[in-house]
Amino acid sequence: MKINQKLKDEVEHLEISGDLDFQTSPDLREKLQEILNRQVRKIIINLKKVGYIDSSGLATFVEALQKMKRINGRLILTEAVPAVRSVFEIAKLDKVFTLVDSENDALQMVTQ
Amino acid sequence: MEKTFKLIASSENLTRFRSQLKILLDQSGLIEKKSGEVLLAIQEVLTNILKHGYRGKPSEVTITYTDEPDQITITVQDSGKKFDMTQHADPKLPPDKPGGLGIYLIKTSMDKVSYDKNCKNGNLLRLIKFKKERKENQIKDMKEVQP
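Line by line, the protein sequences are chains A and B. Read in order, the letters of the first sequence correspond to residues 1 to 112 in my numbering. Read in order, the letters of the second sequence correspond to residues 1 to 147 in my numbering.
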């Protein structure tokens with residue numbers, strides 16, 4: 001798994017490539033914690049290059065979302081492929097997370 | 001077609017096994033969505049064995065993959081701590097805390113999950129995915145007929 005990262009106009013953009021599983025989720029968790037430590041309140045995570053996610057990946061996102069809520073921040077997930085989106089749906093997490101179809105939609109939401 | 005894998009349950013091997021299983025599922029005729037569900041379920045089973053059954057210590061797991069005309073059957077046998085995941089209560093959904101979704105994902109991703117209570121050492125889990133859609137009551141009937 002790789003994570004590309006850029007900060008633009010106070011919005012942290014992450015693009016994840018690869019599988020998000022038991023083995024790789026700790027790296028994402030560490031990256032998100034590092035961003036939260038910088039008091040960033042707006043995060044957009046692009047999932048278009050993630051082909052697989054398991055419960056460890058979901059747990060990492062749930063933890064990050066809870067932390068963002070505590071500081072009134074926004075965490076938005078974009079472009080999840082059907083296989084990944086369906087795992088969110090099975091766990092009913094599509095009702096908890098903001099999952100949008102494009103980075104532009106996400107950007108509009110965080111800058112509102 | 002039947003294939004047996006013996007692997008040491010370590011996080012690196014789980015990723016490698018997932019790739020091998022994906023090749024078999026691609027050859028099975030399962031649609032992509034179902035194939036993804038099987039991969040997810042098996043990964044969750046193996047992760048549970050590694051995390052809880054063997055408590056992070058890499059140990060052997062035997063996996064049997066059987067491709068039949070109407071279903072894929074996968075058995076997973078380990079020698080870790082006994083745990084019947086089929087009796088595990090479903091979590092609150094959506095979850096309000098990280099974690100605790102693995103077993104739920106296994107149960108919902110597969111059409112049938114059964115635990116062999118007679119397995120003397122460790123655990124034997126049998127997971128089935130039907131190749132064609134079945135109505136819920138057909139699956140329920142099968143669950144009642146089979147031990």
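Because the hints were derived from the structure by calculation, they are not lab data. Don't be surprised by glycine CBs; every beta carbon is placed ideally from N, CA and C. Hints may be right or wrong, so weigh each one.
[Said to hold, decoys possible] DMTMM-like mimics (lysine to aspartate or glutamate), calculated; alpha carbons at most 20 Å apart, straight line: (1) A:2 - B:90; (2) B:107 - A:15; (3) A:95 - B:12.
[Claimed, not checked] So these bits of chain B aren't anywhere near chain A, every CB distance computed over 12 Å: (4) 7; (5) 11; (6) 13; (7) 64; (8) 104; (9) 126.
[Stated by the list, open to error] Covered by chain A, per the in silico footprint, the following chain B stretches (three or more residues, Cβ under 8 Å): (10) 38-51; (11) 111-124.
Hints breached by this structure: Structure breaks hints 1, 2, 3, 5, 6, 8, 11.
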